Structure formats: C-alpha cells, structure tokens
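Q: Residue-level listing of the chains:
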Amino acid sequence: MVIEGMHCAACALTIEDALRSVPGVVQADVSAASQRARVVWNAAAAPPSLWFAAVRRAGYRALPAADAQARQQRVQEKRRALWRWLVAGFCMMQVMMYAWPAYIAHPGDLSAEMEGLLRWASWVICLPVVLFACGPFFASALSDIRHRRISMDLPVALGMAITFIVSSLGTFDPDGLFGREVYFDSLTMFVFFLLTGRWLELRLRDRTAGALEALMNRLPDSVERRGDDGRFVRVGVRRIALGDVLRVLPGEVFPADGPLLAGSTRVDEALLTGESAPRWRTVGGEVCAGSINLESAVEMRVERVGADTRFAEIVALMESASLQKPRLAQLADRVARPFLVFVLLAALAALVWWWPKDPQHALMVAVAVLIVTCPCALSLATPVAMLSAAGALAREGVLVRNLQALESLATIDTVVFDKTGTLTHDGMALRRTEVAAEMSAAEALELAAELARHSLHPLSRALVAAAISGTSQAALDARSWEITDLREAPGSGLTARVRKLHGAGPARTVLLGSAAHAGLPAQDGDGAQVCMAWADQAGPERHAIARFEFEETLRSELPAALRALERAGIAVQVLSGDRAASVARVAQRAQIAAWRGDCTPADKLASLQALQSRGHRVAMVGDGLNDGPVLAGAHASFAVGSAVPLARMRSDFVVLGGQLALIAQSILLARKTLRVVRQNLWWAALYNALCVPLAIAGFMPAWLAGLGMAASSLLVVLNAARLARKLPTLGTLADDADTRRGPRTHAPAHA
Amino acid sequence: MDILYLLIPLSVGLVLLVLLGLWWAVYRGQFENIEQEAERILRDN
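Those protein sequence lines, which keep their order, are chains A and B. Heads up: take any position in the first sequence, counting from 1, add 5, and you land on our numbering. Heads up: take any position in the second sequence, counting from 1, add 69, and you land on our numbering.
I should point out that these hints are in silico values taken from the structure, not numbers from a laboratory. Predicted model only: the values in this text are computed from it and were never measured. Errors might be hidden in some of the hints.
As the list claims (entries may be wrong) - If you anchor each label on the Cβ, the simulated ranges turn out as follows:
1. P112(A) to N102(B): 51 to 57 Å
2. N102(B) to F237(A): 36 to 42 Å
3. R339(A) to L89(B): 41 to 47 Å
4. I110(B) to R594(A): 41 to 47 Å
In this text, a Cβ means the ideal position worked out from N, Cα and C, and glycines have one as well.
Generate the whole structure from the sequences, applying the supplied hints.
A: Structure, rendered in structure tokens:
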C-alpha cells in the first residue's frame with residue numbers, strides 16, 4: 006500500500022511501530038523513499054481495516070497501491086518532462102559557451118584546431134539533447150509518417166534532424182558537400198524553448214487534474230460487507246462487487262450506488278446534487294456513491310460500483326473538459342494542417358531553388374523555413390490560454406466543464422439567477438419568536454435548541470445556531486433540562502420527555518416540529534416555522550410554548566458580488582420557480598430590481614429567449630439540475646454549490662464552494678482570456694506571415710529562425726500564463742477577497 | 070592558450086557530471102514540492 010503524508014525516514018519508523026502494534030500483523034516494512042509499505046498479516050486476526058486505522062491514528066494516510074498507480078504515473082510523466090527540459094536547457098548553455106568564440110573571433114583569431122575542438126565538444130554535448138530531449142518530437146514525427154498524417158512535430162523533427170546531420174557533417178567532414186558551418190547553438194536553443202513550452206503546458210494541465218483528484222478522494226477506503234455467513238466484515242472498497250450487501254454506518258460515505266435494503270437515514274448529497282438539505286432515504290430508496298450517511302446504520306445493495314457510479318461520471322466529465330478543444334483552437338488546427346503542408350512544400354521549393362548555387366546554403370534555407378514557421382504558436386494560442394484560465398478557476402473552486410464556454414462567457418452582459426436558493430445560504434436564520442405566557446423567548450429558544458441538538462434537520466441546526474448566537478456556547482453547554490425518551494419522526498419533528506434540572510417539577514412531554522407535529526393550528530407566514538408545545542399524557546390537547554419563524558439568509562458575499570457584476574456592466578435578474586412572495590423578499594433584500602417568481606421551466610425559457618432576442622448575452626446561474634433546457638439555452642451557465650448531477654448536468658461551469666463572487670470573477674477572467682487568445686492568434690499569424698517569406702528568400706539564418714520560432718511559442722505561452730497567476734480582482738471587494746482566499750497570505754496568520 | 074585543449078574536454082566531462090546530478094535530483098523528487106521547505110516552519114512536527 007502507499008502511504009501519504011510521509012516526509013522523512015523517521016516517519017517510516019513511526020508507521021512501522023504503529024503497524025506492528027496491531028495484533029495479527031506479522032510483518033511490516035515501510036520504505037521512506039518510495040512511500041510504500043508492505044504488510045504481511047494474518048487475515049483472521051487482523052482485517053486490513055484495523056491496520057489502515059492504525060496508520061491513520063499515527064497521522065498518515067494509507068492507500069491500496071492500485072489507487073496510487075494513476076498518481077504515480079502522472080508523477081513519472083512530470084519527472085521525465087522536467088528531466089528532458091533540464092537536459093536541453095543545461096546543454097544549451099554549454100553549447101552557447103562553445104559557440105561564443107566563433108561569434109566574436111575575427112578571421113584568423115581562432116586556430117583551426119581550436120575550432121575543431123570546440124565543435125567536437127558541442128557535438129558531444131548535443132548528443133543527449135538530440136537523442137534524449139528531442140525524443141518526443143521524433144517519436145511523434147515517426148508515428149505521423151507511419152499513419153500518413155501531418156502534425157506540428159513533423160517539420161520540427163525534420164528541421165532538427167537536418168540541422169543535426171548538417172552540423173555533424175560540418176564537424177567531422179569540413180571539406181564535404183555541406184561545408185564547415187555548424188548550428189549546434191540554434192539546435193539546442195530551439196529544442197530548449199520548445200520543451201519549455203511543453204513543460205509549462207503539462208504543468209498547467211496537471212494543476213487542473215490535481216483539483217479533480219481532491220474531489221475523487223472523497224470515496225471511503227473501506228466498507229463493511231456482508232459475508233456468506235451473514236456477518237459484516239470490513240473490506241477495501243476496491244473489493245466490493247455488484248450485488249454485494251454493504252452496511253454503511255452514520256458518518257460514513259457511501260462507496261457505491263444502489264438501493265437501501267434495510268434501515269432509513271438522512272443522506273447528505275450536497276456533493277452530487279448541490280441539494281444542501283439532507284435527503285430522507287428509506288428502504289428501496291437509491292443512494293449514490295460520494296454522499297454521506299448522516300443518521301443511522303443502513304444496509305444497501307451495490308448496483309453500480311467504481312467507474313459506473315454517478316460520482317465517477319462527474320469526475321470523468323471534468324476530466325474530459327480539460328481535454329476538449331475549443332472552437333477557436335479547432336479552427337487554428339484546421340488552418341494549421343494546410344499551413345504545414347504549405348511549409349513543407351515551401352521548404353522543398355527553397356531547397357530546389359538554391360541548390361544549384363550552393364548546396365549548403367540551400368539546405369540551411371530549407372531548415373530555416375522548416376524551423377521558423379511556428380504553427381505551434383498558432384495552435385497553442387487558444388488551448389494554452391483557456392487551460393490556464395481553467396486551471397486558475399479550478400484552484401478557486403470553479404470547475405470548467407466546457408472550455409468552449411469560456412469564449413461565450415466573455416461576451417455575457419446579463420446574469421440570470423434561476424433559483425433563489427443560489428442567492429441564499431443553506432441554513433436559515435431565526436427571524437421571529439412568538440411565545441406563550443409560560444416562558445420567555447430566550448428560555449423557549451434554549452429548550453428548543455437542546456432538543457434540536459439531537460436532530461440533523463436543517464431547521465434544527467438553525468435553532469441551535471440561533472441559540473448559540475444568542476447566548477455563549479458555555480451557557481448552552483450548562484444544560485438546564487434533562488432530556489429522555491427522545492424520538493424523531495423524520496421530516497416532521499421531535500418528541501421527548503424533559504424535566505428541569507434545577508428545581509423540582511414533573512417530567513413533561515414536549516413536541517418540537519411542524520405545526521401539525523406539535524398539534525397546533527397552522528399559521529400563515531411566508532417563512533418556515535417550527536412550533537413547540539407541551540403534550541398532556543392523556544389527551545390530544547396541546548399547550549403552545551413557542552413558535553419560531555425562520556427566513557433565508559442572504560449569502561454574505563452577495564452584495565459585493567452583485568456590485569462587481571454591476572461595475573463590469575452586467576445586468577442581474579432573478580427568474581425563480583419559487584413562490585413570488587419569497588422571491589420578492591430575497592430580491593428586495595439583495596437589491597435586485599428585476600425579478601419574477603412562480604416561473605415554470607417554460608416561463609424561464611421564454612424569458613430567456615426574450616432576453617436573447619433583444620440581443621442580450623445571458624448567463625444562467627442555477628443548481629444545474631432542474632432546468633436543463635434553460636441552462637442549455639443560455640450562452641453560458643453556472644451551477645452553484647457543487648450541483649453535479651453528472652452527465653445530465655448541462656451547466657458549463659460548476660462553482661463548488663458556492664462563492665457567488667467567483668461568478669463575477671469568472672466572467673472577468675473569461676474576458677481577459679479572450680483578449681489573450683486574440684493577442685496570441687494575431688501574434689502567431691503576423692509572425693508567420695512575416696518570417697516565412699523572409700526565410701524562403703534566404704534572409705533568415707538558421708539560428709535566427711530557431712530564436713524566432715522559440716520566441717513566438719514562448720511568447721504565446723507566457724502571455725497565457727498571465728491568466729494562471731490570479732483571478733482578476735473585483736475592485737475594492739477583491740482586496741478583502743484576496744486576503745481571505747490566498748493560502749499564502751493565510752499561513753503566516755496561523756503561525 | 071594551450072590549456073584550453075585540456076579545459077574544453079574537461080568541461081564536457083563536467084557537463085555530463087552535472088547532468089548526472091540533475092538526474093539524481095529530479096528522480097529523487099527534489100522539484101516535486103518546492104514550497105515544502107518554506108512551509109515547514111508552519112508545521113507542527
């Protein structure tokens with residue numbers, strides 16, 4: 006298995022000790038270098054879960070080795086790319102040094118022997134570059150030839166090969182056909198710059214993948230499975246199969262999709278659906294992998310596992326987005342192909358044209374043409390910019406499902422929130438307390454909160470939160486009620502017997518919950534309500550104690566986000582399916598003038614199309630779930646609050662943390678991205694239009710061609726890398742958002 | 070200037086040596102987590 010979180014050899018000893026202390030573990034070897042542990046155990050005495058737990062107690066994370074394979078592979082790939090890059094860079098510097106005397110020497114300064122020696126040295130240093138660092142270019146060019154395709158690597162590899170051969174001939178056979186000129190400096194330099202571009206690209210892509218992995222690691226390591234004898238045994242999640250019966254304890258994460266067989270519980274599916282309120286699931290109800298069991302132990306049958314789960318679909322979806330080619334990039338690629346053919350033909354033509362005069366010059370002109378053209382700048386222009394933007398967004402918790410949408414997002418002038426829920430917090434806030442004569446509001450709240458502590462219902466949590474904010478935590482901990490016989494009727498309320506701890510008094514039955522549960526007449530009100538009442542043992546009579554009214558709380562960052570949108574020239578509207586009264590309340594408090602409640606999906610679509618027909622470019626912000634057609638109809642769409650029902654979800658962006666300010670920031674970033682893409686495309690086109698004719702005419706020495714091509718790719722990549730640095734700031738709001746977000750500004754504060 | 074005849078081949082050898090060092094560093098993971106050392110002071114252990 007693989008251990009995560011190890012940073013020294015001493016850690017290995019700690020883990021070994023932890024493992025050996027588990028009864029049944031026969032042997033444990035931990036290697037600090039490879040972060041791997043090998044454990045031999047007695048299956049009967051020590052199930053894997055036991056020693057997995059031991060490692061966790063020691064403060065490390067253990068993973069079955071198979072899990073780590075993908076990560077290992079990525080690390081390997083990254084290392085090799087870095088290594089190629091370092092070889093090319095270091096050799097380039099050295100070759101430059103050898104080339105320098107020849108640059109500055111006057112004719113006759115340098116003896117022929119010395120020159121020969123310098124060339125020989127350059128040739129030796131060049132070998133690792135050509136044989137190793139250029140490997141990917143040659144490999145891809147070879148496969149191109151084999152598949153009769155043409156790609157960017159073909160002319161590049163051709164240019165490399167010709168330059169190297171000509172230079173080698175110049176070194177060892179100075180009197181031969183191709184004269185005595187060498188071009189090792191140009192060769193190593195442009196290999197280095199090309200590899201720099203590739204390496205940056207790999208890193209940018211890796212960063213996006215890292216964000217995904219964090220999502221993926223939510224699945225549990227192990228789970229209890231029913232064996233043939235009916236007993237539950239803890240096994241690794243990797244080993245569960247279709248049809249297995251699992252027992253999932255409260256607080257655990259479901260490892261697979263499937264129906265419940267026994268028990269009922271509340272599950273938190275926030276990760277998968279963005280539905281913040283826990284959902285009630287009874288026998289037969291479907292639960293899905295990645296959601297959290299909140300309440301009681303349940304048994305489930307595995308129907309989909311591993312890559313088939315909806316959870317895995319999400320991850321696959323995100324991954325595919327990062328491999329997508331945006332429209333502009335496809336266009337560039339389409340242009341690039343004929344362009345490459347043209348370049349090859351032009352190089353050939355130049356070669357034929359110059360050959361009769363001077364074979365060596367002809368060859369170098371052809372090489373210059375091959376090298377100087379930089380279709381990579383052309384086809385890197387778009388994806389590099391978009392990937393860096395996507396990476397920057399992913400770091401902040403915005404997943405880009407569709408790179409193409411970055412392009413349309415840049416032109417957005419109207420943002421429509423299609424759910425009031427996206428504007429408000431998950432929790433509710435206590436707005437009003439109405440008490441009967443018996444208790445004061447504070448006492449009633451205290452009793453209600455003590456009861457509510459035993460429940461996970463959102464309103465219960467709101468009650469507890471209200472009580473905590475009213476008094477101090479300490480005061481709440483000093484309980485004044487003894488609670489016995491607590492029962493929860495799911496979805497309606499709690500029933501318990503309570504007795505005052507201080508002072509005498511009989512225990513009484515108290516009911517806390519909906520009006521119906523408490524047995525009180527329902528009262529009109531626009532918010533959610535919780536009622537509390539005494540129940541007499543004998544009859545159905547109820548005595549009201551208190552009635553709590555709740556309202557949604559606006560997200561704290563909402564005003565700032567709305568102001569930022571306004572400043573960016575973006576109009577904001579609310580189109581909600583909720584009741585008009587509650588939409589009005591939220592809209593009024595958020596100071597959004599344009600709102601509509603009671604919308605059916607068809608209404609929303611109609612309003613959206615009306616907006617669009619007036620020439621507006623509209624982005625929808627919703628939970629990504631109910632309003633497929635609306636989301637698909639919008640120019641760009643956001644899903645807020647980890648709203649991810651997977652393949653069905655149509656939104657282009659997913660705001661995982663639900664931070665609304667990120668929407669404004671994404672739009673600003675998209676605008677900047679498009680600007681960068683345009684700059685890049687213009688630069689690449691201009692560069693090629695200028696340099697190719699120059700090279701064909703023979704005005705471009707190979708070293709200058711190499712420099713030009715490398716500089717043009719590098720410029721494109723660097724220009725794009727500006728996007729990855731930081732999200733665009735939102736004026737004044739940004740200052741405080743930055744200090745809140747940046748982990749680097751954070752860390753010293755903790756120290 | 071004759072010393073150059075020794076120094077240049079020597080430098081070639083040196084380059085290969087340095088490359089070897091770089092190879093060791095890359096595959097030992099020296100560049101994997103560059104912020105780690107800077108953050109170490111903030112960690113508990």
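Q: Could you run down the list of hints and mark each one as holding or not?
A: Against the structure, the hints:
1. The hint said 51 to 57 Å for the Cβ distance between P112(A) and N102(B), and at roughly 53 Å that hint holds.
2. Range check, N102(B) to F237(A): Cβ separation about 40 Å, and the 36 to 42 Å hint holds.
3. Between R339(A) and L89(B) the beta carbons are some 45 Å apart, a value that agrees with the proposed interval 41 to 47 Å.
4. Distance hint check: the CB atoms of I110(B) and R594(A) are about 45 Å apart, consistent with the given range 41 to 47 Å.
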